[in-house]
Structures are given as structure tokens and as C-alpha cells.
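A.B. asks: Residue numbers (my numbering), protein chains in the order written: chain A, 6 to 596; chain B, 11 to 364.
These are computed hints drawn from the structure, not numbers from a lab. By construction, the Cβ of each residue, glycine as well, lies at the ideal position given by its N, Cα and C atoms.
Label pairs and their calculated CB-CB ranges:
#	chain 1	residue 1	chain 2	residue 2	range
1	A	D344	B	P290	28 to 34 Å
2	B	T238	A	D300	54 to 60 Å
3	B	R255	A	Q478	18 to 24 Å
4	A	S491	B	Q29	54 to 60 Å
Just some of the chain B residues that point at chain A, by a computed CB distance under 7 Å:
#	residue
5	P217
6	S218
7	F357
Residue-level listing of the chains:
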Amino acid sequence: VDTPPGCEGWEELYPYYALFDEERRETDEKRFWFWNSMHFPLPMPAFDAICIDTAYQALGSWQNRVFAVPPAMGIDYRCINGFIYISGNPVTEPEKVAERAEHFQRRAGYYFEHWDELYAAWRAKMEGLIAELDALEVRQLHELEPDEVVFGDQETTYCAVLDAYRRVLRLADLMWQNHFEFLLLGYGAYVTFAELCKAHLPDIPDQHIAQMVAGLDVSLFRPDAELRRLARLAIDTGVDSAFIDGRSPAEIDAALGEDDAGQAWLAELEKVKDPWFHMATGDGLYHYYGSWLDDPTIPYASLTGHIAALKAGEDIERPTDHIAMERERLASEYGALLDDEARKGFDELLGLSRTVFPYVEEHKFLCDYWFLTSWWNKIRDFGGLLAEHGFLEDREDVFQLSRLEVYSALDELLLTWATGGQPRGPTYWPPIVARRKELLERLAEWTPPPAVGAVPEAIMDPALIMLWGVTTQRVHAWAQEPEAGSELTGTPASPGVVEGVARVVRTVSEIGDVREGEILVCSITSPAWAPIFSKIRAAVTDIGGVMSHAAIVCREYALPAVVGTGRATSQISTGQRIRVDGSAGTVTLLE
Amino acid sequence: VSEAGHTRPLAALRRGDSQSFGGKSSALGELIAAEIPVAPGFALSTGAFRAFVEEAGLDGKIAVELSRVSPGDVDSVVGASHAISEALRSAPVPESVRDLIARAYAELSEEAGLPDPPVAVRSSALGEDAEDSTFAGQLESYLWVRGAERVGDAVRDCWVSLFGPPAIAYRAHLGQDEPAMGVAVQLMVDAVVSGVLFTCNPVSGDPSMIAVNASWGLGLAVVGGEVTPDDFLVSKVTGEVVRERVHAKDVEYVPDAGGNGTVRVDVPEERRAISCLDRPALQALVEVGRRVERAFGSHQDVEWAIARGRRLPDSLFVLQSRPVTGLPKRRSTPENATAMGLVMSWFGAGDAEV
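Next comes chain B alone, as it looks inside the complex (with noise of 0.2 Å):
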């Protein structure tokens, strides 16, 4: 990949472009084509981390300190991770780099018709997101980041989570060697209320149901497991609520004040134990839930947020999507099962020779 070829916009990318970006910066611009609502932005290419690592004349480095950790041994990890993070942080960003980040920030901000846009900086590893290897919560993402140089900054700390003691030891564990992550960064959505929603119900495997876990403010709250979210089970056939559990949500994640980053507060009392997703957004949900699903012609997991100040469906993002792993398996039936077959094994005669 080319210098100038380190930044894309998201709309550009699809599935095939996953090796040069990582899984979630790919799977984003897959959604932006299948015209499901994404908040834009751009991805830089994992070359931008390798170009980092060479500028930086740490690529010797890194390859040794990996080689020393072995998988079960916890100190060999956290040693190999203290090592390689201490060295990458105090590596500078290429100016190369950091003129392309700033461009492409530059544009976002046009695009948002805003200053100085905050922004979601958010890992797209290689691998990650993958059906058969999920990093899920192992890489940082950084939120409501504004102005380049603190964009400049947290894509290097993204980086540098890739070398965190658990993805460590995670791709020792799936013997993989030679890590590379690309970022995605994207306008903020203001989150009223966000969560996640599985395509199937992951518990039982229904292919019928989205599964719902919703609770107020940004996702961090959800995805941390920070409270018990509300839960809703809707039936994608007919958009009925088959299951809804209302949960007391003491917390939730607003942007700091100061205007950059994020800040847990209590949920005031009014809030705390009234359902947070009204059938009008459980509706939309359902929509969005059904169409990423064609999308990507496989049950995902969706992380989505509902922003401030805007009405449904508008106000409707999806922030992510990865394939669901690890599905229960169904009962299989029979094949060439008859229905007279059939009828007679449930009367128990499913021996005898039909």
C-alpha cells in the first residue's frame, strides 16, 4: 500500500479489504453500501501501523520480545507487553502519517460542518472480529476524541493495545505471529440510549428472534457489562415483543464536559428502571437487525447507538458488526423424513421401520 493509500473513507471499503484495514473498518463499509445507517469517517490501513513500527526501528524489537512469551507463562506476557508498549509509546507518529490522519479529519470536520468534530477512534485488527477468532473487548477504542492531534494520538494508542497482556496471550493461544491493526475513526454519535442486538437469539439459536440489550448513554456501559441492560427478544416475522426485561441502569457513560473523552455518571432515579427502547425503536432495531443480516448473509452482532436530537429512523447507527460465534446446534432432522414419518416418531414409534 502506498503512502497516500494509508487513509480511506469508509464508504470506500469493503469486505476484500479487511488484510489492508482489519475486520471492522471493512465490515463498516460493507454496511455503508448496504445503505445501512453508519456514522462516517475513515480507516487507516494497517501499512500506517507498519510504517510506524519500521520508522520507528522497532520491528527487531517487537519479534524478540514476542518469541520470549509462551502462552500459559503470565509473567513472560505482561513482561513482553510492558516492554513493547513502553517502546511504542514513546515512539513518535510518522509526519506522514499525521498529515494523512489530519487531512482525513479535516474532511470529516467539513463533512459534520463542525470544528474540531469529536470522533470515535476505534482498533480494526487483523482477525479480529472473525467468526472463528473473536478479540471481542481485548483492543481500545477511544471515544469522543477531538481535534487531530488528539486523533493523532489515540490512533497510536489503539496501536499500542494491540501488545496488551490479554491480546497477547489471546494470539498466542491461536499461534499467530506478526500482529498488524488497522483503525477506524469515526463522528461520535451522541448516544441517547445504545447497546447491542444479535440477528438470532445467541441462547437458544432462534433464527426468528433479535435479541436486544439496550441500557442509556454510550455503549461503554453495555459492552463492559457495567449494568444489567434492558433485554428484549422481537420476532423479525411479525416485529412482536415475545420477552421484555426492564433492569435497574444505575450508570452511564456522557461525554466529559471538558469536550474530550468520556465520563461514567449515576443515572438520575426517574430513569433508572423504566425501559429505555420504546416499539417504535425496537421496530427500527428489528429493520436495521434484518438488513445487516442480509448484508452479510450470516447472523451478526451489532453494536448500535440511538443519537440525541434526532428522530427515528435517523437517529439510528449501527457502530459495528461482527459475525455471532458459537451458536448452539439444532436438533437436526431426519433426512428424508416423511411428515407420516414424522408424526409417527413423536407418537414414539420412531423405531419401527416407517
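Chain A extracted, bound-state conformation (with noise of 0.2 Å):
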């Protein structure tokens, strides 16, 4: 793969172990990697690499060494211009198989057992880490350290300082360990349903399944149910007229202020902030998705096209009833369908799927959304400290340096400020932050492969088949040479046909773009973009299986849904029409 012009140098972005090498190339060659574009579908920043090493380090942990699930091990990374590129290592030798079968047994088990204790106590774990993390302080360089240092206990500054940098990149260990402790027996529960339904039921739709095993009450769909709740609030208190089309969050706030009625609103929308604004704008490992807290402009156009169709007097509630009476009559005509052997198989599977996969739901608002926004805010304190004495031109920099770097750039920070001593650090950096955003620029305009090495005869690795979707099948497809077909496949996610024009979206920022009725192209779809699937009439999206979470929503807004295609944002442009197929898992290129 070659370097794209003017992209020189950008290894220095990544650690040494990133990168594709000589002394490794005779392994890694005979390797599948693929492009990990679900999670990564823009070329890193040097900080939020964080989210590929930790990230893999957690899933390797409970994969490999924790639950020793037979046939994989860990998930191994190298980056391309920018780009992360994954691997899965299988255990190959029968024995060893066997050996780490008797582990997993004990081990699995014992979760599978104690699901519920396990998740409550889950939960607790995950809400202490978000307060400790909300606790913790950035502390100031003054003149001369404060009275406390003297008189109480307090610790010198420069202790501090390190000490909190340290536990903040501990909170982020702690939260990736939180994230995958139960997700991968969570998602083995759900495909272990879904192979006996596809054994018995060979042409079952995948989402019939996901519609069976669906959780009713999903945080993820608190914010979107909140704001529901806020529009029908605001015409109800008769302060509607202040939302109107076009205006800002900010426009909208003065416009509120200036009476009771609009006070009292505004007092209602500071309740449910709390925590139901921590949701991202954007799927969150990456710094520039921050929370709703942080850009409000989503849910206040969310909120002002709520208040539209209701006072156009259409009806915006989440159809609840009819959603939990179609899983239920789903799971009994389907299961009406199976002979007694397979039934019990069939319930007693759709029983534990449905007692993990309000996990599988879950962990995505508490992890990615609330924990990482909020711990990107933190690590922009940091970077308001380096940026305040000169290190960095503005904070958002920080995020240029990789986390040991800016842990060596605080560490000389604080030996020249105790010293007094004159900082290398402000003419160091600033050029390194300067020459490395405009590689990012350019790695953006880059159109990685879908995936490079040897195509594997077959996908054993539960991890990459039940996160990514990565199958033999898709595995094959993809090899194929990219034909100027008129059409893509991928797998069919939601139901339904539309014809419309396509918008691609690469980036969070052209959400903006999207227009009425357009139908949605991109990497992958966030939950987080909800609000814009009230506009969108379907979605096709580069890589996610029918588990993904842009499959989720696209079947809450009954909108059709095609993942997976492998590269539907190379092939489509905006503005060209194209026909979706949600049930057939097609897409088909108009002109």
C-alpha cells in the first residue's frame, strides 16, 4: 500500500508496534486484515489511539486469558495511513483448543450463571468510575503553591497534576475492562439463537431475530424519549413559538428566558440533562465526538422537529406497545413452527438472550457514550494546562500528541515550573502539533481498502463474526475485485424498499447536510444521530452486522437498512439515486 502524496512521515503518529514492519512481514502477510471501519472510520488522532490499544488489550483479556474461549485469542491491529486495520489470532492446535475448553466452561459458566448479581454489580462499577472521573481535578500552576500545602495535607502541585494524569488514563483502563467483560458472552448468547433459528428457520430474517430478543426499555432510547416528552411539555406550557427552524440552542435558550412559562421549561430540560444529555454526537472513540452537553444543536433540532409533527398532529411516540406485542407474537409463531426438540433449544436460548443482551444495549450509553465524553472533556483540562503555558496553541491540541507524549510534555511542565527554568516545550511541540493536523487532513481524503493480506478460508473468531459482522461469506465478497456493478450487497438489517438520492457522510461534522428524504450513506451510523433518521428515508452503511446499533434504530424508525456492503461510501456519491432494499440486502445504483 502506498503512501497518498503529502501524507509522508505520518507514522509518527502511532506507536512503533502499529506499524507494518519488515522483521514481521513474512507472518503478517499471510494474515486477513480488515478494515475496521465500524469503530474507526477516520484516520486516528495520535491521542485517541488510546481507543485502539486499550480497547484490545480489554477484548484480548476477557477473550484470551480470562474466559479462554477456545478457538481465538486476542484481536491484533496495524494502522495504514491513519487507518486501523484488525486481525484475529485463532488457536489452531486441537489440544490446546480442548485445554482452554475446559477453562471457558468453568469460567463462562460461572458468568452465565450469576448474570444478573454480576451486571447490577456491573453497573455500580461503571457508575463510580464516572463520578471518580467527574472528581477529579486539573489543578493550576500559581506563583507559589497554596496555604493547604503548608498548613494541611494537601500534595504538592506538581504531584498532583501527574497523579491526575495517571488516574485518568487508569479510568480509561478501567472503563475499556468494564466494556468487554460481558459483551462477548452477551453477543455469544444472541448468535448461539440465531444459529439455532438459522438451523431450523434457514431463511429467517436476521431482524425477525433481533426483533425477538430486542430489550423494550433501553437506555439508549431514553434521551430521543426525553425529548419527546419535552416537546409535548413545551406546547402544553404554551412555549412552542420559540422554537423555530434555523435558530440556535442559544437563540432558543433567550428566546425561553424571557418569561415564567419559558423559565420553567428550561428548568424541566435541566432535570433530564442529567444524565440523558451524555449521549454522543457521534459513536464515541473519537475526541470530536463530544457529548449532547457539549453541542446541544441535535437535540434542539430534534426537539423542534418533535414539536412540528405534533403540532401537526402526527403521532411521534416510540410504538412500545406495538414493538413488545410483535416480539412476543414473533417468538411464539416461530417457535410454533419447530418441532418439540428444537422448541426447547429455541426457549431456553431466547430466555438467556434476552437476559444478556439488555447488556449488549446498555454498555453503549454508559461506555462510549457518557464515560468517553466526559473523559475527552478531561483530557482537554490537561490540555487547557499545556495550552495556558505555551506547550500548545489551543487545548483541542492536546489530542495531536499521543498520551505518553503528553505525558512527557506535562512532566517537563512541572519540572520547569518548580525549577523556574525556561520550558523547551513551547517551541518543541506546537510545530509537531502543526505539521501532524494537516496529515490528518490529507489521511482523510484516502480511501483504505477494505481489508489487505491473505483471504482466510474461513472466519472462526466469535469476536470478529459477532462485532463486526465479519464472516467467511463476507470475507469472499469483499476479495472481490471492487466491479463497476450496479450493485452492492450487504446484510439486510431492517425491512422495506425506498428509492431515493444518496447522501454520503464521512464524518460526523456533514451530518449537517443531510436534507428531507435523502437516504444515509456512510461508514457506520451512530444511535447517537437518531435525530436525523426522522429526516432519513433509509440507510446503508460500510460495515456493522444486523446486531449493530445502526440496525437497531433504522428497525425503531421503520426505516430500511443495508450494513455491511464493504463500500458503499467509495461507490455512491451524494446526489445519486439508489434503490435500498432492506429485506434483500441489496443496494442498487439508479444512474
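Two chains, two frames, some hints: make the complex.
C.D. replies: Set out below in C-alpha cells:
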């Protein structure tokens, strides 16, 4: 793979082990590496690479070292031109698989048996982490230490700041540890249920399986539910006239602040914000995806839309009763089609899936959205400290340094602040930051191939299949030459057929360009984009399975969706007419 | 069976009548009892066939000819077929049987409110359409037959088809002897579209799907494999169309302008490449498929037609139904499997003790 022009030296953004190298060439070339565009659709800023290292430390630990999943160890990654390619480490020796199976039985069995209590403890742990993160203080550097250092027992500032930085990194480690604790087992139960369904009902649409398992009271849907409630409240209390299309959140707040009714509504909004505005504006693995608190454009646009819909007499409620009834109806009708023997397994696995699947849906809000958006802000506080002392031009620049470089910069800052000497940082770091920002912009224009390396005969890794929907079949489809053909195939994720104009969205910042009635084409959608789903007619993604969050939201909004097409964003252009068949899993380019 | 019992309205037949009226007629009776739309008609018993053979004094000849057949010897099959068919064709249909047919046909005419209504005359052999031996396509049907005289002739032609070379060879292969046959006579459905549906996916065995093949005109084109039909897979559970493949349908069978029989014509250009079933028609087929399956308690292979000049659901008729044979075996679930045991085996820990 060639380096795109002007991107020479991109390697400096990443750790030495993240690159393909001569020493590992022989083994790496025999492996299959696919672009993880689901989690990393954009070139990685140096700091954000923590979401690769730590996440794969955690995934590998649970899958390989804790549960000893028999056929698979963990996920390796390599970086090409800023984009992240991943590859599973299989366990190939049968004796080894058998040995691991014994540990797996005992360990995973314990988790399944004690799921409810372990999961309750998990929630408490996550909430504790978030509270600890909120409480973490980045102290300012004053001319003299405060009196408390002398007369109380307060730490000196250099100790406190370095300790806070180590702790913020540690909190990320812990969050990722928690993130993967249940995930593989949760998906495992779901996929086993799906496999049983497919063995006996070979043509069952994937979305019907998902519908039978899906939770009803999922925190991912709460933020939008709260917005709908606030929209009704605005109409009931007569403050809805403040919500005019095109007004900024600040302008709406100002209009509401003018009278008592408006202020009462704003007070109600404040109550909702914690925790529901910790929803992210994009999938949380990049620092620039903030929360609704950081950028209220999405929730305010959504409020305006809900109010307009209500006034037009539309029903904006999520049809919970209907979803619940349909979930039971599908389960009983499919169950009735099976013979007694299969029926027993079906009922058992459906029960287990419904027990464990809420975790799969819930962890996203707590880990990826709430924790991560708060965490990036805490890193910004460290960036602010560095910027204040001239090490960076802007606090946002902190994300252009790796987490170890930030540690090094803080080290020097505190050293020279303590000594009163002249720091080198202010001349050393800004040019590095400037160069990297430019590199990232250029790298973003490169279109990464879906996969590199040797195509394997079969994919056996549960994590790859479960998390990325990377199956043997999909891999072989990717391996085919991208033809000029007019049809893309992917996983049918939400039923229905529509034709319309495509809007290709490659970064979250382009979300604002989406117009009413367009078909969203993106690498991966995020449930945090929920409000734009009321605008679009269908969604197409490059990657993701039927359990991906894009698929979940599309089913919620009754929009056709095809996910995991491999190359929709590179084959389709904005403005092109396309037909999306969410039942067949095909996208037809009509012009 | 007494002479007067040789005909019976289809509506009066049930599964238990298959020995005396053949598989197809008794299945049609069962469908009518389940209130599934079937064109009205009457059935002729196997006794009528025996009366015909006896009166012509041909039972000895048939037995002798058939005894010379050896299953693997094509010449012996063709020779016997030729000899028996010739003899049957030159024998008269007994007057008493002709009278019975004429009376039943007159009643049908009254029911249809038409003089000489067009009917379909179809074989209803013993053993035909049974789960373990499918005679599919080996016995004749005669469509668009009008007038009592012609109906009587068509009945004899059906009987003769019992001794066509493929039918003889097939029976010899199965070791069956003493062939006999009933006949079903039904008002013709003037089909705009017709085809076949399976109450499961016959390829994958999925019981939650209805598979539909359909083409323009009478069902001959689909059943005879003369067109590649439009192909649909529809979920029984939600009614969603999960697969739709529309093919170019070049020919169709329509009634002959002369009023008797059918002709094969080219499908007009503008109808060839378009789907011959819309969503409401597919929904009606799913509904009927589910009811047929329930009526028989097993997966069924159903011929159907949508009649000209009527509206759904009244335009949809079931022409025949028989059990699906040769479904793929599905992977079995281990006995007494617990959810956890199944999850473990998915993770590749299946061999260890749970």
C-alpha cells in the first residue's frame, strides 16, 4: 500500500508496534487484515489511539486470558495511512482448544449463571468510574503553592497533576475493562440463538431474530424519549413558539428566558440533562464526538422537529406496545413452527438472550457515550493546562500528541514550573501539532481498501463474527474485485424498499448536510444520530451486522437499512439515485 | 360401489375416500371442507374405470400385457402401453357411465349458470399425490373441455393415460399392480395468473416461508416448465416478501378461441418482464397457503390460479394440493440441550462436558 502524496511521515503519529514492519512481514502477509471502519472510520489522531490499544488489551484479556474462548485469542491491529486494520489470532492446535474449553466452561459458565448479580455489580462499578472521573481535578499552576500544602496535608501541585493524569489514563483502562467484561458472552448467547433459528428456519430474516430478543426499555432510546416528552411539555405550557427551524440553541434559550413559562421549561430541561444529555453526537471513539451537553444542536433540532410534528397532528411516540406485541408474536409463531426438540433449545436460548442482551444495548450508553464524552473533556483540561503555559496553541491540540507524549509534556511543564527554568516545550510541541493536523487532513482523503493480506478460508473468531459481522461469506465478497456493477450487497438489517437520493456522510461534521428524504450512506451510523433518522428514508453502511446499533435504530424508526456493504461510501456519491432493499440486503445504483 | 355411487360432488369427499375416488379428488374435497376456495366440480370413482374395463372385457388383456413388463426394459413398457392404450381407446364408455357424467355435468352447468361450461378433466389416480410416491406430471389433465360428450371422451383419455409408458414404468418400479383411477371434473378457472406454492421453502426446508412460482395464463406453462416463472419467498409470520425474482415469461396458455382446449401463445411484450403478482395477491396466497397447511397438517405443494374478472380474495382458487416430498433434513438439536450448553458449543467448547 502506497503512502498518499503529502502524507509522508504519517507513521510518527502511532506507536512503533502499530506499523507493518520488515521483521513481521512474513507472518503478517499471511494474515487477513480488514479495515475496522465500524469503530475507526477516520484516520486516528495520535491521542485517540488509546481507544485502540486499551480496547484491544481489554478485548484480548477477556476473550483470551480470562474466559479462554477455545478457538480464538485476541485481536491484533496495524495502522495503514492512519486507518486501523485488524486481524484475529486463532487457536489452531486441537489439544490447546480442548484445554481452553475446560477453563471456558467453568469461567463463562459462572458468568452466565450469575449474570443478574454480576451485571448489577457492573452497573455500580461503571457509575463509580463516572463519578470518579467527574471528581478528578486538574490543578492550576500558581506562582506559589496554596497554603493548604503548608498548613494542611495537600499534595504539591506537580504530584497532584501527574497523579491526576495517571488516574485519568487508569480510568480509561478500567472503562475498557468493564466494556468487554460481558460483551463477548452477551453476543455469544445472541449468536447461538440466531444459529439455532437459522438451522431450523434457514430463511428467517436476521431482523426477526433481533426483534425477538431486543430489549424494550433500553437506555439508548431514553434521550430521545425525554426530548419527545419535553416537546409535549413545550406545547402544553405554550412555549413552543420559541422553537423555530434555523434558530441556534442559544437563540432558543434566550427566547425561552423571556418569561416564566419558558424558564420553567428550561428548568425541566436541566433535570433531563443529567444523565440523558450524555448522549454522544457520534460513536464515541474519537475525541471530536462530544455529548449533547457539549453541542446541543442535535437535541434542539430534534425538539424543534418533534414540536412541529406534534402540531401537525402526527404521532411521535415510539410504538412501545406494538414493539412488545410484535416481539411476543414473532417468538410464539416461530416457536410453533419448530418440532419439540428444537422448540426446547429455542425457548431456552431466547430466554438467555433476553437476559444477557440488555447489557449489549446498555453498555453503549454508559461506556461509549457517557464515560467517553466526559473523559475527552477531562483530557481537554490537561490540554488547557499545557496551552496556558505555551506548550500548545489550543487545548484541542492535546489530541495530536500520543498519551505518552502528553505525559512527557506534562512532566517537562511541571519540572520547569517547579525549577523556574525555561521550558523547551513551547517551541518543541507546536510545530509537531501543526504537522500532524495537516497529515490527518490529507490522510482523510485516502480511501482505505476494505481488507489487505491473505483471504482466509473460514473465519472462526467469535469476536470478529459477533462484533464486526465479518463472516467467511462477507470476507470472500470483499475479496472480489470492486466491479463497476450497479449493485452492492450487504446484510439486510431493517426491512422495506425505497428509492431516493444518496447523501454520503464520511464524518460526523457532515451530518448537518443531510436533507429531508435523503438516503444516508455512511461508514457506520450511530444511535446518537437518532434525530436525523426522522429526516432520512433509509440507511446504508460500509460495515456492521444486524446487531449493530445502526440496525437497531433503523428498525426502531421503521427505515430500510442495509449494513456491511463493504464499500458503499466509496462506490456511491452524494446526489446519486439509489434503491435500498432492506429485506434483500441490496443497494442498487440507479444512475 | 354401486353404479349410482360412481359420481359424487367434490364437496362431499374426504381424505378417507381416496381409495374409491383417488388422491386428487379426495384432497379437493378436504380443501372444500376447510372452506378453501376450490372451483366446484364432481368426481368419478375408480369403480367407473373398472366398470369400463369390465364391460369392454379388457381386464384379462391388461393383466397379461402388464405381466410382460420388466421395469428396466423400455421396449416391454412401450409395447404394453401401446397395446393397452389402443384397446382402451377403441372401447366405448358404458352408457350408464356416460349418463352419470352427463347428469353431473348438467348440475355443474346449472351451478355455473352457463350452458356447456368449460371444465378441467383431471386424473385422480390411486397412489397419486401420496407422500411416498409422486406421480407428478405423468397422468393427463384436459383443460377447457365443453359439452357432456367431450367430457366423457376426456374422461376416457384420462383413463388411457394410466397406461402411458412413464406411468407403467413408474408403477412397475414401485411394484404396484392393478392400476385404477378416479377422475375429477371441475369448472375451469379462467386464469390470468397461475402457479404453484409450497407451504415451506422446498430448497432450504424452512417452514416459516411460503415459496411461490407464478406465470401468466393457465398453469401448464409453470407445471410443464415451459417458462421460468417469477419466484417469490414470503414470510408466513410477517407477510414480508424476502425474495422476489422476476423473469422473462415468454409464453402462456390461454383458452382456444374455438371454445375447446387451450393454445400456447406468446406473452405480449409489455407483460413479459414485469412481475405477475402484486403484493395483495402474494398476501392472499400466503393466507391460503397457511390454511391449506393447517387443513392437512403437513407441508403442501399447491397449484393455484387467479381468475380473470374477479377481485381478490374471491379470484384466487386452489386447483390441487399434495404433500411436499423430499424435504431436506434439518440439523438436529442435541437432546436435553441447555441454553448454556448450546452457547458453549457455539464458542467451540462443544466436546467438553457441560
